[in-house]
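Here are the chains, one letter per residue:
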Amino acid sequence: MSGRTAADYVHQVLFFASPDELLTAAVPAVRTGLAGGDGVILTCRDEYNALLADAVSPAPRILRARAATMYPRAATAVEALRRLVTRQLAGGARRIRIVGEASFGTGPDGWAECGRYEAAADALLSAFPVTATCVYDARVVPASVTGRLTEAHPFVLTPTGRRAPNERYVDPAAFLRRATATGPDPVEQSGLPTEFAPVTDLREVDALRQRLAAVLAARGVDRRIAADVVAAIHEVTVNGLMHGRPPVRLRLWTPPGRLVCTVTDAGEGFDDPLAGYLRPDGDPFGPGAGLWLVRQLCDRVEMAQTPAGFTVKLSTSSIAGA
Amino acid sequence: MNWAVTHGIVLLVGHDGLQSYGPEWDGHLLLLHGSEAERLSSLTAWIRRGLDRGDKVICAEGPRPAGGSVLDLVDGHGADLAAAAVASGQLAALPSDRFYPQGDQEAVVEQALAEGFPSVRLAADATAAFGTQPWPAHLDIERTIDRLCRTGPVSAVCQYAHPKIEPTMLRELIEVHRYRLCNAALSVAADPRGLTVSGEIDRRNAEVFATAVDSAVTGGERVLRLDLSGLEFMDVAACRQLLYATDDFRRLGGHVVLASPQWMVSWTLRLLGVDQFTGIELAGVSEP
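One line per chain: the protein sequences are W and G, in this order.
All letters in the first sequence, in the order written, are residues 1 to 322 by this note's numbering.
All letters in the second sequence, in the order written, are residues 1 to 288 by this note's numbering.
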């Protein structure tokens, strides 16, 4: 996303130690914004959404989204946020005030995904007139994670409500490049993959889809998850043929509860850590739309140049509703 | 299940209403194939169906190496069906240069009917004839075949190598094949309300699909209904082409109804926000 306009855009992080601190720091600016015709979006846990809404009510221009359903994976959360923002702007709001409490789970993977979300959201929101306050309960966030999350925000909001530029801010591309350099998945080193015949032509992609669907069905993968994976691998394979260099090779691992796939073409690939997190500018179906869809369909998407070529690694839960 | 759906054939139609010569009529089909294997695969089923029905089946092909004719591959059941049909005169090969000269098509049909067959089935490899005459003359022949299919007991499948067809030519071919267009993965059928789409649409055939849709929305109707109940897969390229092909139509107030999509197709359409575009309606969505 280009066209960052710092004067219009504020993305800040607040670590609070109590609900009172949350209200003290976040509410005044929201209240001021509402008085001036701004729209408000709340995406915290239900309890905090209610606290914040009560503190500024009555206010007709508040949209609430439940954190429990807003944050299944970073890319889908960014898209949900984009839709909320554009909906508020279409409704006539001149500026949007967001208070969000991202939550992707409290394990290491969940916090890592949270960081990726913050970086991608930073890139998304930079194109909109927003003040986004990302709130985290300091009693829950591990100390080792606090610094990383802070780096994704250009500003820091103190519990007393004072905003300050963040000297440790890392731009989204740099943040994501660092956050996704994770190396091989353990299953790649310990498990034997299912190998599929290399694809060299667009005319072979439908056969690949059919073979993949058959393998997933034979392994009892939930139908909806299998369909998502087939659609995602289709897009990556087509990208490899169209923009990379054939042959395109697919490998699949199905350890308990997960699906891991690598799609490797013989080309040199590209280096854009933000690729697929944001819908393409201008034409939403323009270049980049395929990878955007892939990120909507799979939990994790990593891209890297490997000895075998340019590899896109997809991983996702194989448990329905996970 | 009809032949088109079984073998992943696509179709197209004009807006002047469909005509058919009875319930078993298979129409005037445009088969766009990406390879010789694809062509033969589609044709053998179509020919077998004609033999089963008692049609006279005439295959017009260009020169091919020994064993490379569709006649050599018709029989997939173990019995020597093709040889028997050739021996009885029901199945015949005809060099392209004897089928494609202007006016010869009517004579071919008349002769077959005069032999006592109730109906005639023509399989014409148009690619072979394609460069031997000016494009307008070639289109005239296609119009003649179309008229024969509409006015007599005749079905025809005209085969074109897809990579050799320019976009403007594709549009003209679609318009002259007013009943069906066939492709290896996709099947579109027509009814008075719009098109019925079956099979799969992806990067490979999305432009063909778009041309069919574009042709359908220029007929003056205000609503185009696409029955997607038989569509099993649609990728980003297909969604893009759907939107591009209907852009002007929708901008002028036209309405596109995407009816009864299977859940995976509807999931893709919704995820990509196709249903959020002005003039697009998603109707009759099923759940997994």
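Among the hints, a few may not be true.
[Stated by the list, open to error] Covered by chain W, according to a simulated footprint, are these stretches of chain G (three or more residues, beta-carbon under 8 Å):
id, segment
1, 199-211
2, 235-241
3, 265-274
[What the hints assert, rightly or not] On the chain G side, residues computed to face chain W include the following (Cβ under 10 Å):
id, residue
4, S35
5, E36
6, W135
7, A184
8, A185
9, P192
Derived by calculation from the structure, the hints in this document are not laboratory data.
Even for Gly, the Cβ is constructed at its ideal location relative to N, Cα and C.
Hint check results:
A stretch counts as covered by a chain when three or more of its residues have a beta carbon under 8 Å from one of that chain; for the segment 199-211 of chain G and chain W the count is 4, and the coverage holds. Note: the segment 235-241 of chain G has 5 residues with beta-carbon separation from chain W under 8 Å; the three-residue rule is met and the coverage holds. With 5 residues bearing a CB less than 8 Å from a CB of chain W, the segment 265-274 of chain G meets the requirement of three and the coverage assertion stands. A hinted interface residue such as G:S35 counts as satisfied when its beta carbon comes closer than 10 Å to some beta carbon of chain W; here the least separation is about 7 Å, so the hint holds.
Interface hint status for G:E36: violated, as the beta-carbon distance to the closest one in chain W is roughly 12 Å, over 10 Å. For G:W135, the suggested interface contact is broken, since its CB lies about 26 Å from the closest CB of chain W, more than 10 Å. Residue-level restraint check for G:A184 holds (minimum Cβ-Cβ distance to chain W is 8 Å; threshold 10 Å). Among the interface hints, the one on G:A185 holds; its C-beta lies about 6 Å from the nearest C-beta in chain W, closer than the 10 Å criterion.
Hint status for G:P192 relative to chain W: violated, with the closest Cβ pair at about 30 Å, above 10 Å.
Comparing the model with each numbered hint stated earlier shows that hints 5, 6, 9 do not hold.
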